[in-house]
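2 protein chains.
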Amino acid sequence: MTATVTVGEFSRLTHLSVKTLHHYHEIGLLAPASVDPSSGYRRYETSQVEVAQLIRRLRELRMPLPEVRAVVDAADGGTREETLRAHLDRMERELAHTRDVVTSLREMLTLQPAELAVEYRFIPAFRAYGVSGHVEREGIGEWCEFAFGRLGAIAARDGIVATSGATYSDEFFTEDSGQVVAFLPVAPDQAPADGVELVDLPGGFFAIAVHSGPLTDFDLSYGALGSHVAEHCEVAPGPIRELYAVGPGDGPDPASYRTEICWPIRQIPTSPVTKG
Amino acid sequence: MTATVTVGEFSRLTHLSVKTLHHYHEIGLLAPASVDPSSGYRRYETSQVEVAQLIRRLRELRMPLPEVRAVVDAADGGTREETLRAHLDRMERELAHTRDVVTSLREMLTLQPAELAVEYRFIPAFRAYGVSGHVEREGIGEWCEFAFGRLGAIAARDGIVATSGATYSDEFFTEDSGQVVAFLPVAPDQAPADGVELVDLPGGFFAIAVHSGPLTDFDLSYGALGSHVAEHCEVAPGPIRELYAVGPGDGPDPASYRTEICWPIRQIPTSPVTKG
DNA sequence: GTTTGACTCTCCGGTTGCCGGAGGGTGGAT
DNA sequence: ATCCACCCTCCGGCAACCGGAGAGTCAAAC
Numbered sequence: 001m002t003a004t005v006t007v008g009e010f011s012r013l014t015h016l017s018v019k020t021l022h023h024y025h026e027i028g029l030l031a032p033a034s035v036d037p038s039s040g041y042r043r044y045e046t047s048q049v050e051v052a053q054l055i056r057r058l059r060e061l062r063m064p065l066p067e068v069r070a071v072v073d074a075a076d077g078g079t080r081e082e083t084l085r086a087h088l089d090r091m092e093r094e095l096a097h098t099r100d101v102v103t104s105l106r107e108m109l110t111l112q113p114a115e116l117a118v119e120y121r122f123i124p125a126f127r128a129y130g131v132s133g134h135v136e137r138e139g140i141g142e143w144c145e146f147a148f149g150r151l152g153a154i155a156a157r158d159g160i161v162a163t164s165g166a167t168y169s170d171e172f173f174t175e176d177s178g179q180v181v182a183f184l185p186v187a188p189d190q191a192p193a194d195g196v197e198l199v200d201l202p203g204g205f206f207a208i209a210v211h212s213g214p215l216t217d218f219d220l221s222y223g224a225l226g227s228h229v230a231e232h233c234e235v236a237p238g239p240i241r242e243l244y245a246v247g248p249g250d251g252p253d254p255a256s257y258r259t260e261i262c263w264p265i266r267q268i269p270t271s272p273v274t275k276g
Numbered sequence: 001m002t003a004t005v006t007v008g009e010f011s012r013l014t015h016l017s018v019k020t021l022h023h024y025h026e027i028g029l030l031a032p033a034s035v036d037p038s039s040g041y042r043r044y045e046t047s048q049v050e051v052a053q054l055i056r057r058l059r060e061l062r063m064p065l066p067e068v069r070a071v072v073d074a075a076d077g078g079t080r081e082e083t084l085r086a087h088l089d090r091m092e093r094e095l096a097h098t099r100d101v102v103t104s105l106r107e108m109l110t111l112q113p114a115e116l117a118v119e120y121r122f123i124p125a126f127r128a129y130g131v132s133g134h135v136e137r138e139g140i141g142e143w144c145e146f147a148f149g150r151l152g153a154i155a156a157r158d159g160i161v162a163t164s165g166a167t168y169s170d171e172f173f174t175e176d177s178g179q180v181v182a183f184l185p186v187a188p189d190q191a192p193a194d195g196v197e198l199v200d201l202p203g204g205f206f207a208i209a210v211h212s213g214p215l216t217d218f219d220l221s222y223g224a225l226g227s228h229v230a231e232h233c234e235v236a237p238g239p240i241r242e243l244y245a246v247g248p249g250d251g252p253d254p255a256s257y258r259t260e261i262c263w264p265i266r267q268i269p270t271s272p273v274t275k276g
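Quick note, the sequences are listed as chains F and P, same order. Just so it is clear: in the first sequence, position 84 is 84 by my numbering, and no numbers are missing. Just so it is clear: in the second sequence, position 271 is 271 by my numbering, and no numbers are missing.
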């Protein structure tokens, strides 16, 4: 019922290159049915064509080989379905992201950069409910939903009204994963609550820029503020803060969002400030 | 107006990792404004933040670095726009392809494989108008439009009515680029015509399977036929042929397409054939 | 004035999923 | 016997960086 073929023939049947088949053999993803002990010649069975085609399909979707292996090895359809769905979800998200980047790229190239208004403020130390974690950049959206969901629930329960925010470690941006703390300011004598920490944010001077609109071209404002600070101020240690003056909780329209980016500085610059 | 910053600071301003900045320096994509000759320390100017952000944006779209360089270096907006658009087009196509693969993957996993009907036929040698070329797999759609457009025009002019087809070299499938010949059968005494060649296709025995519907899961039929041939026939040399019995020229609905895959064999097998 | 600690440098190797080629052995047909 | 197409293994390389080693530098603190 099944015949056995050489690599070259199998290559033709599956549209996988011989090199690729060698590779899959080496890593144990798709081993030939038999190998001639003396010559080393590989022999595949025609029944293996199906698996090979499945692998090819998955690879066409850029699925990493370890995941492909998981799908292929999955005995039960459940695991298989799950891995597949996870991958497709990821692709979906990536796609949405791509669209965002494209639009923001268009804006970046066509529109003149909006004049950035930077103001200086002293923010005193304050206490806040906090949710902290080491977050991957990819998962930041989900994580924020989780964190602010939790903070929002407590705020609603206790009747706290305040502008929430978050601090981001540098590595979060540059290494694509790092420490993030979502916070919601509370009174200094606020009692602890389940599910959140009590954190004390240090006071200090900040250079603050307001970013209006959705967060897709957030990095532009971020870079502009950073440049401004580098040109006019002495930076102080500590993570950058974001204050969500108007965010998803205040309305459904991302265009109405207002986010304040707070860059810690040593002091308010005294020299005449030339905006730019 | 512009201040100068270290790699680390520049990294914070641009959200590019230090390693990445090193890399971009090395390949000359984004060189620091100055390098301390004794210490080797890099110094960037804040004015470089913008370029860096553009690069980051483009990389987020998975644009290869050489293309990024082209966009960044592009003095005039025209070249820039063009490179960009080309890239976005490619992404668009890739996306469409992804969707196709997903649906066909779904079908592949949920539906039982349709019983493959294989028939054997002797096809005599014939003459045809041909358009041949070395084609990249990515560009096959475009190329087919071009080739069959040309053949179709001549057919219309000369009143030729025949089923067109194409031959594909193995490498086209396995190496993602290879020789392809689109052909349209003509009478043996047909006169040459501008823009097309006259080719003679050799006769012989073929194992033929009919693939119905769009070509997204074409490779499945292809593999199934190949397996069948490997199990029941002796293969003959020569490229695989496809005959477009019902194709884009015959109606807009891909579901109505019928394509015959012709696999060259030495002779019609005499043994009792068990389908599978 | 030096010591600390954060920052930076270069170089080397590894990652993923293969491709290309060198150098040499095999297999079936003539 | 010879040919030629096929097959083998091994080595290096591609993109676009990341990780770490080992060493040098800078600025502030003691």
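Warning: the hint list may mix true and false statements.
Where chains are identical, the list cannot tell them apart; a pair therefore holds if satisfied intra-copy or between any two copies.
Said to hold, decoys possible - Calculated pairs, EDC-like style, for lysine to aspartate or glutamate (alpha carbon to alpha carbon, straight line, at most 16 Å):
(1) Lys19 <-> Asp176
(2) Lys19 <-> Glu9
(3) Lys19 <-> Glu119
(4) Lys19 <-> Glu145
(5) Lys19 <-> Glu197
(6) Lys19 <-> Glu82
No lab work stands behind these hints: they were computed from the structure.
Checked hints:
1. In this homomeric assembly, Lys19 and Asp176 come within 16 Å of each other (Cα to Cα) only across copies, at 13 Å, whereas the closest approach inside a single copy is 34 Å.
2. In this assembly of identical chains, the alpha carbons of Lys19 and Glu9 lie at most 16 Å apart only when taken from the same copy (13 Å versus 44 Å across copies).
3. With identical chains, the CA atoms of Lys19 and Glu119 are never at most 16 Å apart, being 60 Å at best within one copy and 33 Å at best between copies.
4. Proximity of Lys19 to Glu145 under the C-alpha cut-off of 16 Å is found in neither arrangement, the shortest distances being 45 Å within a copy and 31 Å between copies.
5. When the C-alpha separation of Lys19 and Glu197 is checked against a cutoff of 16 Å, the pair qualifies neither within a copy, at 54 Å, nor between copies, at 34 Å.
6. For the homomeric pair Lys19 and Glu82, neither the shortest alpha-carbon distance inside one copy (30 Å) nor that between copies (35 Å) is at most 16 Å.
In this structure, the earlier hints numbered 3, 4, 5, 6 are contradicted, and the remaining ones agree with it.
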